[in-house]
Amino acid sequence: MLEVKDLAVTYGQHRALKGVSLTVAPGEIVVILGANGAGKTSLLKAIAGLERGAGSVRLDGTSIAGLPPHRIVEAGLALVPEGRGIFGDLTVQENLALGAFAHRARDGQQTNLDRVLGLFTRLSERSGQVARTMSGGEQQMVAIGRALMSAPTILMLDEPSLGLSPLLCTELFRNLRTIRDSGVGVLLVEQNARQSLAIADRAYLLENGEIVGQGPAAQLARDPAVQAAYLGGAAGHAAAPAPAATPSAVPAAAIAAHALAAVTAPSTGGYGSPVVSTSADQLVPTRIADLVRIASQRQAEDVTTQRQAPRDDALAARARAELKTSGTLDEAVARITQAAQRSAPAPVPASASAPRSASTPAIEVWHRPGIEVWERQPDGTLKRKT
39 MLEVKDLAVT YGQHRALKGV SLTVAPGEIV VILGANGAGK TSLLKAIAGL ERGAGSVRLD
99 GTSIAGLPPH RIVEAGLALV PEGRGIFGDL TVQENLALGA FAHRARDGQQ TNLDRVLGLF
159 TRLSERSGQV ARTMSGGEQQ MVAIGRALMS APTILMLDEP SLGLSPLLCT ELFRNLRTIR
219 DSGVGVLLVE QNARQSLAIA DRAYLLENGE IVGQGPAAQL ARDPAVQAAY LGGAAGHAAA
279 PAPAATPSAV PAAAIAAHAL AAVTAPSTGG YGSPVVSTSA DQLVPTRIAD LVRIASQRQA
339 EDVTTQRQAP RDDALAARAR AELKTSGTLD EAVARITQAA QRSAPAPVPA SASAPRSAST
399 PAIEVWHRPG IEVWERQPDG TLKRKT
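For the sequence shown, the working numbering begins at 39 and goes up steadily by one.
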């Protein structure tokens with residue numbers, strides 16, 4: 039049984055933990071939930087002896103507060119740190135063997151190794167592989183297996199699923215259940231709140247270095263406040279369906295008029311064909327044909343631009359006249375096109391074009407000055423080296 043009471047950790051003027059108390063019994067999983075910076079990692083490090091803290095930490099009735107880390111491992115507590123912390127240049131087998139350095143684990147080293155390889159079968163297949171060449175999930179298996187080689191009664195893990203794929207996360211949490219079923223107590227700090235609550239027996243909520251809530255994991259998972267803070271909103275509450283669309287009672291002609299009203303006014307500084315801005319209130323057609331006729335007339339009458347040449351103004355006037363006298367819009371367009379083609383200037387051959395005169399650009403060229411080396415002679419004079 040791990041018992042922590044009124045544990046406090048301070049970094050200078052900052053109090054990372056403020057009187058934290060918790061318990062972890064053999065054969066149960068206890069998860070600690072909290073935002074980044076809440077003090078979760080500081081809590082695990084203080085329990086493991088890696089950070090100096092004030093308060094009481096007892097393991098199986100014996101105080102381990104203030105002991106060096108290796109003595110705490112000897113007492114039966116192991117930590118899998120965030121980032122795994124394996125020896126990358128050593129093989130899988132060598133990493134696991136280092137985990138059995140504690141005196142309590144040496145007699146049962148082979149038994150512990152068989153248990154680890156039975157839990158992580160992939161490690162038995164790659165026992166001779168260098169650890170740094172393995173995937174992130176496999177390296178996490180090595181880290182957990184190395185901690186189990188010390189035969190702990192309490193196993194602490196700091197963000198074990200960090201950087202793992204969803205498939206490997208599922209396998210990881212399944213293995214944690216197996217470790218719990220073997221009688222080892224598990225204290226878990228985990229970013230995946232949903233999956234960790236699903237396998238945990240109890241949970242603590244840590245905020246700003248203080249325990250603000252605790253209880254059975256299943257009960258906390260149903261708490262709306264916990265769901266909003268850690269599970270992305272209330273689970274099981276589907277969003278209200280959107281109301282069904284009501285058919286519009288506006289006539290099609292009015293809809294078309296509003297579409298034309300959205301056309302922007304011609305730009306005084308732009309290029310290309312200008313467009314017309316008109317109000318839907320001025321277009322009250324009763325038929326689509328009337329709408330098209332009125333729009334065509336307004337476009338022919340009102341299109342102007344400040345960037346047109348005098349020739350373009352004459353062509354616009356011709357277009358207005360054609361639209362007034364022509365029977366149909368197609369006939370007017372055909373006449374305007376023919377007139378534009380007749381008035382277009384004849385193309386000038388490329389050979390007849392006058393060559394452009396361009397002055398030769400002046401390019402400044404800079405030369406790096408030479409470096410002179412002088413050597414002092416035995417008589418004290420200086421002589422330039424060639």
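Heads up, some of the hints might be wrong.
Unchecked claim - Computed list of lysine to aspartate or glutamate pairs in DMTMM-like fashion (alpha-carbon distance at most 25 Å, straight line): (1) K421 - E410; (2) K43 - D127; (3) K56 - D145; (4) K43 - E209; (5) K423 - E369; (6) K43 - E176; (7) K43 - E120; (8) K56 - E132; (9) K423 - E410.
Stated by the list, open to error - Quick list of the computed label-pair ranges, beta carbon to beta carbon: (10) G57 - L88: 16 to 24 Å; (11) A263 - G166: 17 to 25 Å; (12) P204 - G156: 43 to 51 Å; (13) G146 - T100: 34 to 42 Å.
None of these hints come from the bench; they were simulated from the model.
The beta carbon of each residue, even a glycine, is placed where N, CA and C say it ideally should be.
Agreement of K421 and E410 with the hint, judged by alpha carbon distance not exceeding 25 Å: Holds. K421 to E410 sits at ~10 Å (cutoff 25 Å).
Restraint status (C-alpha distance of K423 to E369 at most 25 Å): Given pair K423, E369 is violated - Cα atoms ~92 Å apart, limit 25 Å.
43 to 51 Å as the expected CB spacing between G156 and P204, which holds or is violated: Check failed, 24 Å falls outside 43 to 51 Å.
CB-CB spacing for L88 and G57 relative to the 16 to 24 Å hint: holds, 20 Å
Pair hint outcome, K43 versus D127 [Cα-Cα no greater than 25 Å]: violated, 39 Å
Restraint status (C-alpha distance of K423 to E410 at most 25 Å): holds, 8 Å
Outcome of range test on Cβ distance (A263, G166; 17 to 25 Å): violated, 50 Å
Straight-line alpha-carbon gap K43 to E120, limit 25 Å: holds, 24 Å
25 Å limit on alpha-carbon distance, applied to hinted pair K56 and D145: violated, 40 Å
Pairwise hint evaluation, E176 against K43, where the allowed Cα distance is 25 Å at most: Judged against 25 Å, a Cα distance of about 35 Å means the pair is violated.
K43 paired with E209 [C-alpha distance capped at 25 Å]: Not OK: K43 and E209 at ~33 Å, beyond 25 Å, violated.
Proposed proximity, E132 with K56 (alpha carbon, max 25 Å): This hinted pair is violated, its Cα atoms lying about 39 Å apart.
Comparing the model with each numbered hint stated earlier shows that hints 2, 3, 4, 5, 6, 8, 11, 12 and 13 do not hold.
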